[in-house]
Each structure stands twice: as structure tokens, then as C-alpha cells.
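Protein sequence lines correspond, in order, to chains A and B.
Using the UniProt record's numbering, you'd call the opening residue of the first sequence number 1 and step up by one each time.
Using the UniProt record's numbering, you'd call the opening residue of the second sequence number 1 and step up by one each time.
I should point out that these hints are in silico values taken from the structure, not numbers from a laboratory.
Since the list gives no way to pick out one identical chain from another, each pair is judged satisfied if it fits inside one copy or across any two copies.
Dumping the calculated DSBU-like pairs for lysine-lysine here, alpha-carbon to alpha-carbon at most 35 Å:
1. LYS173 with LYS210
2. LYS234 with LYS109
3. LYS208 with LYS51
Number of protein chains: 2
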Amino acid sequence: MRPNIYLFGDSITEESFGDGGWGASLSHHFCRTVDVVLRGYSGYNTRWALKVAERIFPPVESGGAPPLAVTVFFGANDACLPDRYSAFQHVPLREYKQNLHSIISFFKKRWPEIVILLITPPPIDEDARLRHPYIENPSGLPERTNEAAGAYAQACISVAKECGCPVVDLWIKMQECPDWKQAYLSDGLHLTQAGNRIVFEEVVKELKEKGISVENLPVDLPHIANIDPQDPLKAFQDC
Amino acid sequence: MRPNIYLFGDSITEESFGDGGWGASLSHHFCRTVDVVLRGYSGYNTRWALKVAERIFPPVESGGAPPLAVTVFFGANDACLPDRYSAFQHVPLREYKQNLHSIISFFKKRWPEIVILLITPPPIDEDARLRHPYIENPSGLPERTNEAAGAYAQACISVAKECGCPVVDLWIKMQECPDWKQAYLSDGLHLTQAGNRIVFEEVVKELKEKGISVENLPVDLPHIANIDPQDPLKAFQDC
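Same shape as in the complex, but just chain A:
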């Protein structure tokens, strides 16, 4: 049985199987070795994620194999400003850190060997947020700021360090490109295909550093290159 890698997060995870999406790319990358299981919930913050984690992640896996890894990719909604139109998604920074700690504890208790890979929220293009509001926004002020996203990204990195978890610093990584607003963000928050590509590459890199790579994983059933053209059925004797 193939082990799972779970993708747990908000809309940037839920949308990750769209064209060029980082989830689909992971699934393609790990095909024949791992099932990449999508558990993205648009609009969710860490407070709501904690409420549902028990239900989303059943203790018993099909076939009994524990999952190899989980990506935990929250913060973009927690970082909504408390005095703007998305205030109901806001979670204070201090609680965000506590919640991430609790989510990590939940996974460590459930599956002690699982690799928990945190991903920080992406940077925010505030002008683009004003052009792409979820609802009517007569205030003229964006519901998220890049500064706030940066504070949550920093908190996420702190928690990862405290817990010994790997982390992708998406907030910094994306801003290394001068053209990050156009190149990586489609509406100032969600990711373009190039933005998805960065997440994919960083996740593959971090998983590889933890020993989770296509090279290290058993291939599900004989590869065509290992099937003897003179006696193909020999390859299936043990199946």
C-alpha cells in the first residue's frame, strides 16, 4: 500500500489541484510511490482547523500505513486585519502560534513518525487586494497587509523552530523576486502557476531533506522497465 502525504491548509491548499497547482504537481511527482491527499478548506484559519482536525484525520489509515508527511499551510486568513471586512477570519498572533503548536502536537500524537512541514503565508499585494475584494469594500482599505502577513510568517517560523519541524518561508522566498506581485500572485493573495511552482519546489526540497523522495520510496508494482519482454508475467509472480 502507498503511504499518504496530506496537504492541510486553506484556499491556497484547496486550489492546489488546479492547472499548474502545487498539489497536483506533487501528486504527479510522487506518482507510483505516494498518494497526495488534499485537505484544503477555503477561508479557514488555525482556530477552525483545530476544531476539525480530529474529524479530518482518522486514526486508522487504509491498509494501516501511517502517512509520511503533512503540509500545514495556514496563516493567510489568521492574518486578516481585525478591523476590516474579513475580521471574522482573524486570529490574534499569539493564538495563531498556540494553534500551530496544538496542530503539531495533534499530528505528533496521531503519528509520531510523521514529517510535519509548515508553510508560511505568502506575501500580500495590498493594491491587488483592493482590486479583488471578496465582498464590497467601500472602506478603500485592504483586508490584509503584507506587514501583517510577514508577522504571521515570522511566527510560523518560530513555531517550526521550537518544534523541530521543517518550514518553507514562502513570505521571504517570493519577495526575493523583484516582480513577485505580478509573477506569483493572481489577486494579491492566491498563487499564479509560477507561485504554485515555488511552493511545489520548496516542498519537494524540504521533504527530500527529511528522506522523503521518489528515489527513496518503493515503487508501487513493477515498473515497465523492469518487466522482462521475454517473460512479462514473471514480474507479477509475487503480486
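Add chain B to chain A, keeping to what the hints say.
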């Protein structure tokens, strides 16, 4: 727990989570309702598929929910000509039909309510096969012909009718477009993004006719639109 839809097939299934792939598109389409589980095995024919079906599809699902549907997409390798370089993948037409019957029986016995959606092999562009051989091919003759693929497609449709299963006639559907060779095939056999799009649309259509659609399936956990901004946690009381 979300139910599964399995994708069982050869390389055209295995590659279906690449950019614009039909598997990734299905996963995106059904997100929050279904887990689309990739079980594609490059180069496999129905003979080999039968050898491994028992191992690939364990009787007990995680959480106990039986899968909603499975796509069975074999024939492109069975239809390799028996006197060309891919002869070891060839399965005679008569056995191909028997094997499809056996695969359907396997799924019906395993999960009596499952929707088994057959997909015929795609048409073959023989000139493109000569330009894109798997191995050195000094014969100057393609290892697959469109006529042979058409015979296997017709056999697949017959089996579907005999068993009362829905079927996507990809061989015919693609050739309705005058430019099918360039539009839908990347190497005379595998699919371009436009070719993947056709498979995706046809699968969604056939599943919908069997009552499997996003509109009919329960959404996993409260949708953001149904979370009360005045009292968000109310939505999670039963989780």
C-alpha cells in the same frame, strides 16, 4: 469521510496529474467532496492489470466508505501489434474482452454499488509513433495502428454494453475533430492538454449521468459561505 474515485489504467492514467491532466482536473473539480485516487501503471495491459487488481484495491477502505466510482482505461497497450517491437504488451482482442469482463466482475464483487466507467483507448497517429518510438525501431513500421486501436475501442464498448457499464468512446470522440492528431496527441498516443480536457469533460459527464456530481455530494466540512461572520464557531459545533 470523503469517498474515493479510483483511476485505474495505463500511462494515460499514470500521467493524468501532469499540467492540465484529466486526473488533476477531476481532483480539482471534486475537491471537498471526493478523493480522486491515482492507480495508473505505465505500459500495463489488461492481462497484467488483472494480476495486480487484488493487491491494488484492498477490500477495506479507510473509514469504511466504499468508493463511488472507478475509471477503467486500458487497451492502448493491449492493442500493440503482435509482430512489432512492443509485442510483449500485446493482448489478443478476444482475451482483452475477457479481461475487461473479469476486471468489471472484480469491482462488482468488491463493491456492488460502484460505478465502473470504461474508457476506450484513444486513436493512434501512426506517423507520430514512428517519430516517437520507445526504443530504436529500424523496421520503419509503427508498433500501434489506428485500426487496431479502433478494434479494441469497439470491443471495450461491447463489453460495457454487455455489463451495463457507462463508457467513454475516446477513439470516436477525438476523431470528430479534423485536427485530432495535432490537437489531442503529443506523441501519437499520449494526450496533450486539450486531449486531457476531453477525457476530463467526458468522465464528468458520464459520472453525472450516474448521479455522481459536485451538486449531489456532501461538502466536507462547512463551506466558508455557510459560516456566520457574527458567530463563526457555531458552524463547527457538530464537528
